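Those sequence lines, one after another, are chains A and B. Per our numbering: the first sequence = residues 1 to 345. Per our numbering: the second sequence = residues 1 to 481.
Please note that the accuracy of each hint is not assured.
[Claimed, not checked] Here are the simulated DSS-like pairs of lysine-lysine, each with C-alpha atoms no more than 25 Å apart in a straight line:
id, chain 1, residue 1, chain 2, residue 2
1, B, LYS145, B, LYS68
2, A, LYS3, A, LYS109
3, A, LYS159, B, LYS43
4, B, LYS280, B, LYS348
5, A, LYS185, A, LYS46
6, A, LYS3, B, LYS181
Hints listed in this document are in silico derivations from the structure and should not be mistaken for laboratory results. Everything numeric in this text was worked out from a predicted model, so none of it was measured.
Single-letter residue listing:
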Amino acid sequence: MIKLGIKIAILLSLVGVINGAVFQFFQLPFSWGNSSFYNKEMYWRKSQTQYNTIFVGTSRTFRQINPVLFDSITNHETQSFNFGVIGISAAQVYYYLDKIIGTREAHLKYVFLELADFDIGSTENMHTINEKYWLSLSDWWFTIKCIVQSNYGFRERIKGLFFNTIPFIEQLLKFDMLKDVWQFKIAAPNSLVLGENSTGFVPAEEEKMNPEALLEKRNAFLKDTSINETRSRYSTNVFNKTVRTKLVSAHLIKLTSLISRLHKMGIEVFVLLPPRMREVQYANTIPIFENIASPQKINLAQGIQVPEFYEMRYSFDAGHLNKEGAEIFTRKLATAFVKLKSKND
Amino acid sequence: MLFNSLTFLIFFPLVTIIYFLLPHRARWAWLLAASCYFYMFFKAVYILILFFTIIIDYFAGILLENEKNAQRKKWWLIASLIANIGVLAVFKYFNFLNGNLSGLCTFFGSTNPIPYLSILLPIGLSFHTFQAMSYTIEVYRGNQKAERHFGIYALYVMFYPQLVAGPIERPQNMLHQFYEKHVFDYARVVEGLRLMLWGMFKKVVIADRLTLFVDPVYNHPNEYHGFQTILATIFFSFQIFCDFSGYSDIALGSAKVMGFDLMVNFNRPYFSKSISEFWKRWHISLSTWFRDYLYISLGGNRVSKPRTYFNQFITFMISGLWHGANWTFVIWGSLHGAYLVFGEFTKKFRGKLGARLGLGHFPLLNKLVQVSSTFVLATFAWIFFRAASFTDAITIIKNSLQISKTQLGMHILGTDAYNFVLCFIFIGIMEMVHWFLRKGDLNFVLNQLTLFTRWTIYILFVLFVINFGMFGDHQFIYFQF
Chain A
1 MIKLGIKIAI LLSLVGVING AVFQFFQLPF SWGNSSFYNK EMYWRKSQTQ YNTIFVGTSR
61 TFRQINPVLF DSITNHETQS FNFGVIGISA AQVYYYLDKI IGTREAHLKY VFLELADFDI
121 GSTENMHTIN EKYWLSLSDW WFTIKCIVQS NYGFRERIKG LFFNTIPFIE QLLKFDMLKD
181 VWQFKIAAPN SLVLGENSTG FVPAEEEKMN PEALLEKRNA FLKDTSINET RSRYSTNVFN
241 KTVRTKLVSA HLIKLTSLIS RLHKMGIEVF VLLPPRMREV QYANTIPIFE NIASPQKINL
301 AQGIQVPEFY EMRYSFDAGH LNKEGAEIFT RKLATAFVKL KSKND
Chain B
1 MLFNSLTFLI FFPLVTIIYF LLPHRARWAW LLAASCYFYM FFKAVYILIL FFTIIIDYFA
61 GILLENEKNA QRKKWWLIAS LIANIGVLAV FKYFNFLNGN LSGLCTFFGS TNPIPYLSIL
121 LPIGLSFHTF QAMSYTIEVY RGNQKAERHF GIYALYVMFY PQLVAGPIER PQNMLHQFYE
181 KHVFDYARVV EGLRLMLWGM FKKVVIADRL TLFVDPVYNH PNEYHGFQTI LATIFFSFQI
241 FCDFSGYSDI ALGSAKVMGF DLMVNFNRPY FSKSISEFWK RWHISLSTWF RDYLYISLGG
301 NRVSKPRTYF NQFITFMISG LWHGANWTFV IWGSLHGAYL VFGEFTKKFR GKLGARLGLG
361 HFPLLNKLVQ VSSTFVLATF AWIFFRAASF TDAITIIKNS LQISKTQLGM HILGTDAYNF
421 VLCFIFIGIM EMVHWFLRKG DLNFVLNQLT LFTRWTIYIL FVLFVINFGM FGDHQFIYFQ
481 F
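Between the sequences and the hints, there should be enough to build the whole structure, so can you do that?
In structure tokens:
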């Protein structure tokens, strides 16, 4: 049985090496597996000299930060671009940020980094290209450590290990990825993700790429008003310490090292804690937020301090603000930035 | 559980490793538990139907063996067959028969008072029912001793590799294997894995890719014409072959890894030179089942010529109905029955015609004509098999005749060129392999090769599966039967 195991391992290693070589031949850009980010990156590459500020994060960044409004409030101290994309979690946010700063040509002054949580993953998403194409051994290991240390329950953590390890194995073997390369190669540039004024911001109501899915979420949210109240309660509970939380140290270490790396490059980092996360997500992120050494932290999550973010009229769905809410969010963010800047100066 | 799923990728090695680690006396229980889990993965409650037939046939077997009175013995057999066919009738044919009854009622100006049943067809019902029936028939005929170990008998019906889509095994071939002690045999395991890889290639690389071109045409037959429908039908011939033979190869392979030999179900059927040969190569376990238990029981060919033709025709017609509760399947089976009868009827004439045309001087050409015409006949019959209704099948046939140049193009079915080209490449590769397999089965051919060539082939096919497999929730076509 051992002999067979060794031979299968050799066979799979050879397959992985051959496929790795084939993928090298295609010379794929770092964001090829996420068309939204790729389109944003392509645009940014061409016009990055116009910008000195970027927002990096998940859909909460993408849907809630309006760069035009932000820049006007900062009195054009910032010329910003929104790099937020949907369907990514903390590890992928850091992967993108790492790559952006590695390939930047322009003088980047400010980075607003959303403090996101780790996704446990799901059966539906496990095999999608977005879940796997970017995973290196270190990214996978980092994710695994964070999941193990997280505040998720035991079963959830086991699921998380599974849902994050399968994509990694698939990435090693390049399993079922060739068709995605083909799709990537034949795909036409898509400017919809850039939104109006090519700022990278698209409020939920103006989504044109897959509006049906968003509408479905919104309808479910409107049907059950308790969801909104629950989200509001979550944000208060964790800050009030009524929920037991433990620090995900692997996440903190990674974030701290990324911030110091950016500082060394002369880039100021502002860590942003967004509203409307789930309780466990706050349990995972708040201790990190509190432990970051950097003073440049902006907390826009707490229900007591920013009650409007938990009001139905400013909400789009359970996790996101609508266009009006995004405007308030952007204003508060910009104001907090101006305050922090004046304090530092 | 689907063979082409991640769950199976975890399930199979786990079950196999534990199987070999367990002492022999506990293995049947482990395999039975694994088989239950495998089946319950689809819809758990339907395992009760399986248990029902298992209990009936287990006791029927013992009663049949103990019964000395021939008349009563016959009645026991009939009772067991009625129970099995009854399950099939309720779950598979009730709504079909009721629908026809409704049609008749409407014709005579009345309404059918019997309501339709709102039930899903348990997966693989026809397969395990037929396997169970073969047991009682063989015990009745005295060819097989009744199995006294309930667990082993249950395993005979439920053995997971062949539970949901065959091969439909015979008790003489299977039951004794559950008593044999199987040790981990490296060469045998490798042979099993090769079969699994070959089956997986046919299923996920070819069959599931062909679906992209077949489904649109057969789901909307009015929208496609000429080359489009012809190509979709030809593609379906390959799709169903790759889907079903792929499943069978994975079943055979996974059983082989654990030390079990299942019967071969396919032997390059599209290389057949006649329809009768086709049925000796296609779904062998079912065609031999019908031959042994229906055709021969009807008198087979030991009766007058017209009666033999009738026996052949009726056997194929019922075989068609076995596939599904729809007139399209009956027509499909009947077509094959008609082909066979016509073939027998014209055998002499065709021989003379061939001699006159001098085809004997060109054996290769002769073979090519025979193989091609058999393929065309089988492909034509597949139209009825695949179409959702008789009307759809007629539409497909009519539309196939409306050929125009505009239908030709890189991707004449309207989907992407990438998959279209890949279909041809991989069908070509499969037929190349089939050409090599004329000398013997897959393992025989591979064992003749050097280590380097063998490994190159392994790597190549793993790469094909990994890079060109269509992964997702692609069921096997035959699961619905």
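Do the hints match the structure? See the list:
1. B:LYS145 to B:LYS68: Between LYS145 (chain B) and LYS68 (chain B) the Cα gap is close to 14 Å, so the pair holds against 25 Å.
2. A:LYS3 to A:LYS109: Distance ~57 Å between LYS3 (chain A) and LYS109 (chain A) Cα, so the pair is violated.
3. A:LYS159 to B:LYS43: Since the Cα atoms of LYS159 (chain A) and LYS43 (chain B) sit roughly 23 Å apart, the hinted pair holds (cutoff 25 Å).
4. B:LYS280 to B:LYS348: 21 Å, holds
5. A:LYS185 to A:LYS46: 19 Å, holds
6. A:LYS3 to B:LYS181: Roughly 21 Å separates the two Cα atoms, so the pair holds.
The structure does not agree with numbered hint 2 stated previously, though it agrees with all others.
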